[in-house]
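Chemist: Sequence:
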Amino acid sequence: MVSSRVVMAGVAIVGLVGVAGCGGSSSETAGSSVPVITAASKATSPSASASASPSSSGTAAGAPGVPEAARQHTEAGAKAFAKHYVDLINETGLRPRTGVLEPLALDSCKTCANYEGNVASLQKDGERNSAPAASFHYAARLPFESGMVIEAVVDQNAINVLNAKDVVVNKYPFEKNLGLVFYLSWTETGWKCSAIKIDQDADLT
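The numbering of the sequence shown is the UniProt record's numbering, which starts it at 1 and goes up by one.
To be clear, the hints were calculated from the coordinates, so they are not data collected in a lab.
Note that the structure is predicted; figures quoted are calculated from it, not measured.
There could be a bad hint or two in this list.
As the list claims (entries may be wrong) - As a list, the in silico DSS-like pairs of lysine-lysine whose alpha-carbon atoms are at most 25 angstroms apart:
no., residue 1, residue 2
1, Lys124, Lys165
2, Lys83, Lys176
3, Lys124, Lys176
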């Protein structure tokens with residue numbers, strides 16, 4: 001179950017998360033380059049936008065570039081999708097380009113909008129991360145949440161943000177066992193993020 005320690009997430013991802021929230025009022029600043037996870041407010045489940053239980057048929061769908069495993073309308077497919085999203089956050093931090101994350105989110109995902117805005121800011125300023133922002137451990141479904149809610153447990157890597165001359169313009173610390181909680185919805189084009197929140201003390205089991 002998502003406990004009170006789960007908070008709303010902001011800009012980009014682990015190592016690239018800052019101020020904002022998923023839905024409701026928040027102090028989010030979409031597009032600002034603040035790559036550190038911080039608590040913003042208590043989480044509430046966006047149950048209205050969460051997907052119903054996946055069908056047993058395993059119908060496949062997905063945006064261009066989504067791997068086959070993450071295109072399945074199954075629990076395993078949802079876990080693979082969450083990992084894919086983490087992989088893309090890492091990729092777009094190393095080589096910032098817009099249009100990569102956008103197809104994977106619904107309009108309701110304010111955190112996703114922040115992630116996308118951060119990538120746009122890095123691209124505009126000619127900046128990039130020195131290394132992947134997150135190291136993925138595993139993904140698991142949260143059984144007491146309605147719909148398809150997946151927690152991806154990661155470490156936030158210690159990274160630098162570099163400008164076009166490879167000068168360090170910012171640094172972010174290592175943080176262990178952080179959970180990205182994905183509220184997923186199944187659509188005609190596959191899994192989409194309806195919200196993403198942060199569990200700042202995820203357990204490795």
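Chemist: For the pair supplied as a hint, lysine 83 and lysine 176, confirm whether the alpha-carbon distance does not exceed 25 angstroms.
Modeler: Holds - the C-alpha atoms of lysine 176 and lysine 83 are around 17 angstroms apart, at most 25 angstroms.
Chemist: Hint check: lysine 124 vs lysine 176, CA-CA at most 25 angstroms. Holds or violated?
Modeler: violated (30 angstroms)
Chemist: For the pair we were handed, lysine 124 and lysine 165, check the Cα-Cα distance against 25 angstroms.
Modeler: It holds: about 15 angstroms lies between the C-alpha atoms, which stays within 25 angstroms.
Violation of the numbered hints given earlier is confined to hint 3; every other hint is satisfied by the structure.
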